[in-house]
Amino acid sequence: MVDLSVDLGFICLKNPVIPASGTFGYGEEFLPFFNLDLLGAFILKGIYKNKRMGNPPPRIQETPAGLLNSIGLPGPGMKELKKIIQRVYQSTSTPIIINVCGETDQEYLDVAEYFDGMEEVAILELNISCPNVKSGGRCPAQDDKHTYRLVKQIKQSVSTPIMVKLSPNVTDISAIAISAEEAGADCISLTNTFLGMALDLESRKPVFPNIVAGLSGPAIKPLALRLVWEVANNVHIPVIGMGGITTGQDVLEFILAGATAVQIGTINLVEPAASIRIIKEIKETMEQLEIANLKELTGKLQT
Amino acid sequence: MVDLSVDLGFICLKNPVIPASGTFGYGEEFLPFFNLDLLGAFILKGIYKNKRMGNPPPRIQETPAGLLNSIGLPGPGMKELKKIIQRVYQSTSTPIIINVCGETDQEYLDVAEYFDGMEEVAILELNISCPNVKSGGRCPAQDDKHTYRLVKQIKQSVSTPIMVKLSPNVTDISAIAISAEEAGADCISLTNTFLGMALDLESRKPVFPNIVAGLSGPAIKPLALRLVWEVANNVHIPVIGMGGITTGQDVLEFILAGATAVQIGTINLVEPAASIRIIKEIKETMEQLEIANLKELTGKLQT
Amino acid sequence: MRDDICNIVENIQIQGEYYLLKIHSEYISARAIPGNFIMISVSSTMEPLLKRPFGIFETDPPYIWIYYQVVGKGSRLVSEFKPGDKISVLGPLGNSFPPVTNQSILMIAGGRGIAPIHFAIKKYQKENKISLIYGARSKHNLNLLDLLKPLTLQVLLLYSDDGSIGKRGNVTTDLRKTIQKSGISITFSCGPDNMFKSIYQVTRELKTRDYASLEALMGCGFGICYSCVIQTRKSGYQKVCTDGPIFDMDEIAW
Amino acid sequence: MRDDICNIVENIQIQGEYYLLKIHSEYISARAIPGNFIMISVSSTMEPLLKRPFGIFETDPPYIWIYYQVVGKGSRLVSEFKPGDKISVLGPLGNSFPPVTNQSILMIAGGRGIAPIHFAIKKYQKENKISLIYGARSKHNLNLLDLLKPLTLQVLLLYSDDGSIGKRGNVTTDLRKTIQKSGISITFSCGPDNMFKSIYQVTRELKTRDYASLEALMGCGFGICYSCVIQTRKSGYQKVCTDGPIFDMDEIAW
Ligand SMILES: Cc1cc2nc3c(=O)[nH]c(=O)nc-3n(C[C@H](O)[C@H](O)[C@H](O)COP(=O)(O)OP(=O)(O)OC[C@H]3O[C@@H](n4cnc5c(N)ncnc54)[C@H](O)[C@@H]3O)c2cc1C
Ligand SMILES: Cc1cc2nc3c(=O)[nH]c(=O)nc-3n(C[C@H](O)[C@H](O)[C@H](O)COP(=O)(O)OP(=O)(O)OC[C@H]3O[C@@H](n4cnc5c(N)ncnc54)[C@H](O)[C@@H]3O)c2cc1C
Ligand SMILES: Cc1cc2nc3c(=O)[nH]c(=O)nc-3n(C[C@H](O)[C@H](O)[C@H](O)COP(=O)(O)O)c2cc1C
Ligand SMILES: Cc1cc2nc3c(=O)[nH]c(=O)nc-3n(C[C@H](O)[C@H](O)[C@H](O)COP(=O)(O)O)c2cc1C
Ligand code: FES
Ligand code: FES
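Protein chains in written order, with this note's numbering: chain A, 1 to 303; chain B, 1 to 303; chain C, 1 to 254; chain D, 1 to 254.
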């Protein structure tokens, strides 16, 4: 029997598979497909303080083995979300993670404080890397000082553990990760989407009203793996890896590169029960390779 | 009749299609497939001062819609290359571009000066962005000051026009492009490959002895398009766009985003005559969309 | 709603880019109601990545039929499916046309829009009087006539843009007259966006209830990605996949 | 060397993961010589991106035959090719076995390595005496025996790891004896890497000329990407695609 559990230090998860924010709705939508208890944890759609409409359509465009999205983080606002969480919490004992968004540092803080201490909330994931929100796509996670300032401020104000989600659109990912660690992050997740673009030749316009969009899916996996490996080599807190994961084999590669757990994103859209298949594949591959537990593998890349 | 010619200021090309360095050998290898005169220009494999073996195999790995490579720039050294150029020059009147590499600033300078003024050489492309050469993958193109210093030094020493090839692995691509422009670059090409990684679970080792590798191919197209658009909006010299181009439609998208010409990379491996098909498709799409000449389209994205 | 590996039973080219696909799915065939759609994975590789949405043309347990048009990469791959191929199918998805009995329903279909309309006629013809207006670009696109024959239709009006079959014109050419003459109290329609707009101009004026089956770019089909939204008059963006695909036309902010 | 769209004529499952593929290519079938290979595009989408290399098993103008084993994604897609499918094929590529006449040649094939060896026997049997050692993991992998029957062989030795067909053992079990007894002056071999190494131990000692058809990860197949290199004793890295795939074993830095 292989042991799939992973330890983030402040919490143990029964397995390393965590559906990623924005690709798992509010969890409930997956109840027709599987029991949420099977997951390591799951992350709700990103939330701002107030209700948001999101961007005008089109909001997605397929690219070779990838997906560009410019959804624009629509949502009901934090008060409505609290009700949803309380409802979802009834259907599962799996840890629930909130994806905290903000247009300003103050908004991040307000949202984080609002959910702080809720027994239904296991971790606050700070989405300091959403490329759609500000014009040109810049975000706090593209600046080590901004990252430090923001994470520090939130860490000082909340007691719920925080996971800081990084952006890949930087020269030196480790510098950002180290800033987050020094500011008190309990763990780090990466990567959010890569800045991309799509054009419509006929109208001579960008496909997305926002011009740029975020690339996710299998296309980015080799890039994400490199980023996770770099960060894991440079921080001492747990790293939660993601980017283009579609198989159990992919998960084990991220863990070998140094991730303690992983998030599953775009593939949830294509195959609702992907996470469950992936958990099964992790088990099978571990048995095949005679890996008794995941700790044995984490960061054991021989370079 | 549509007009495919493009003007880089210092040179006119009969069309915007330029096979990219490292994916077109020394040009000669394509003679069985088509007449090199049909191309806008073509770029030879990257060259260092001395002979190089390149990296130990494996040197490539397929990824979803992409290709990781860690070839390690093997080559005969600049003296041997000169002979090859003189030979290739006999078979075509199409402008030949040299891809100048270096492990140090001095080496770049030595190579650039060596080819400077050769009548067979139309442009020197400074490959200041090869991620395979230095450990960790850092390169001059990841630092605006280094870019400025290196480009300035070379520009002062050579009279052949220079094209500076940028790396995508940066937070702010425009800052690097502006540095190159200010240092005297005649034009800019981007993007080189994205830093990526592949692991082998069984051996628990990276697939590539060099650990990291460069990602190219269709997977990166949306990312490259965004970078080209940003750079074209921030410099006044011509931009030569590339990254995952496989069709004439792709080319026109890069041009709409602001590129004056384009480079064709990975698809050359898969389909030797890809460049010729692409030229045909450009023509057809222009006719269909009633675009009389490419200048009419360059940078005309309505945002 | 289930995501299952299903067997392809038949894939018939009706004419040009129009095909009928027969899929074995006990689960979906037993549950689907008119308006429902499915998401089909079109490739066993990572490219294209997303499933494609297709309305249900007919259920015939344990089979379902899809009527589709090849318009791009994904639908071209569907046209290459062979009997025995196994593909992943998610469904049934979406809402349905409103329950209606003892009424005169006018069905309006443009091109491939006949898919959900055909299914709706099958189900509603027992308890209602059905008329159908069916339009296409030309004769070659109006290619399901044989399949429409067994249906019980009060009125069947055909239109083509070039007049090569039926009347020259489009589905709205005689719409007002038809609604008034046949005592239509409600319309169900499916077709291209501009068709909806012209229909709605008439139905709004005549105060005829008007339900449309809309299309949108879909990332998931089951409500999690928020990519398929349409602007409504009162409720902001609504998801075509779970709030639709059938909408009361009065709700849409055209 | 040409990159053409070719018609698939037949795709025959020989046994388990082993297949024969018949491709229509006037151009290649007229030019290919033993040792040559082709690059086949396995998908009409961007995934997988690269063509896959396969040795030529036989030419039968205007057809060529490929003998392949399903080992991963790309070869699985090849196994799904149907007659009438059109695929892009680049070839003929690579060098050939050395010209030899009036000699006793020992051919050695492991598993799918029979492909170039089969082609070589066909061509060399007229002017040479040919012996063949053919090995596999088990009976189920030695599945081309019928196709070998028409060949003119002095000696045919079969081996399987489990002894389920031929002798238990591998192609090198009786290699020394065979070379000496049959007066072999040269060997042509194709198989897995460790097979080459053990063959070379024997041939080097006996000073028998030894040519091997090597495999390598190939990006392009025609010499531009430098991905397929192998370390040689004297000339550094050589490209398997254009300097090979046939190498004099003395040249390779094992
Ligand atoms: C609820 C619903 C039901 C549908 N029912 C049918 C049906 O019964 N028969 C049928 O032939 N088609 C139907 N469609 C449309 C069908 O989904 C698209 O034609 C198909 O997804 C196009 O995929 P492609 O890869 O071939 O085209 P692409 O190459 O992706 O694009 C070609 C064109 O199709 C449009 N398109 C692409 N994806 C979608 C999408 N997901 N939804 C709408 N338009 C898209 C693009 O904007 C483009 O103009 C339905 C769509 C929806 C949303
Ligand atoms: C010159 C040459 C001639 C060949 N002739 C034949 C032949 O006649 N019959 C036959 O069955 N096979 C032949 N091969 C091997 C065949 O090319 C590979 O089995 C095939 O490319 C694997 O593709 P895949 O996508 O199925 O495997 P993948 O999923 O890509 O990988 C599966 C396994 O195959 C290995 N592999 C992948 N690509 C290659 C490659 N290009 N070359 C070698 N190994 C690879 C991988 O390392 C891995 O172990 C030949 C290879 C070369 C270089
Ligand atoms: C449709 C969509 C919506 C997303 N919404 C969010 C979000 O609300 N918050 C967030 O932090 N990341 C969001 N992401 C990013 C994912 O959580 C994930 O970081 C990214 O998609 C990379 O993983 P993947 O390649 O497995 O999809 C979204 C991604 C997609 C595709
Ligand atoms: C096999 C291979 C070798 C390459 N060698 C070089 C090189 O020598 N010099 C260079 O500047 N870029 C090199 N590149 C990068 C390409 O020129 C190009 O910038 C990159 O592949 C992106 O374009 P693409 O997606 O069209 O391939 C190489 C790329 C590949 C795939
Ligand atoms: S298609 Fe994903 S929410 Fe509608
Ligand atoms: S496969 Fe590209 S050089 Fe040999």
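Be aware that one or more of the hints could be misleading.
Cut-off 20 angstroms, straight-line C-alpha distance, at most; resulting in silico cross-link-like pairs (SDA-like, lysine to any residue) [as the list claims (entries may be wrong)]: (1) B:Lys79 - D:Ser235; (2) D:Lys181 - D:Gln103; (3) A:Lys205 - B:Glu287; (4) A:Lys295 - B:Asp105; (5) C:Lys73 - D:Thr45; (6) C:Lys73 - B:Gly248; (7) B:Lys283 - B:Gln249.
Bear in mind the hints are in silico, worked out from the structure with no lab data behind them.
Structure-based check of each hint:
{"no.": "1", "hint": "B:Lys79 - D:Ser235", "result": "19 angstroms, holds"}
{"no.": "2", "hint": "D:Lys181 - D:Gln103", "result": "14 angstroms, holds"}
{"no.": "3", "hint": "A:Lys205 - B:Glu287", "result": "19 angstroms, holds"}
{"no.": "4", "hint": "A:Lys295 - B:Asp105", "result": "44 angstroms, violated"}
{"no.": "5", "hint": "C:Lys73 - D:Thr45", "result": "9 angstroms, holds"}
{"no.": "6", "hint": "C:Lys73 - B:Gly248", "result": "17 angstroms, holds"}
{"no.": "7", "hint": "B:Lys283 - B:Gln249", "result": "10 angstroms, holds"}
Comparing the model with each earlier hint shows a violation of hint 4 alone; every other hint is respected.
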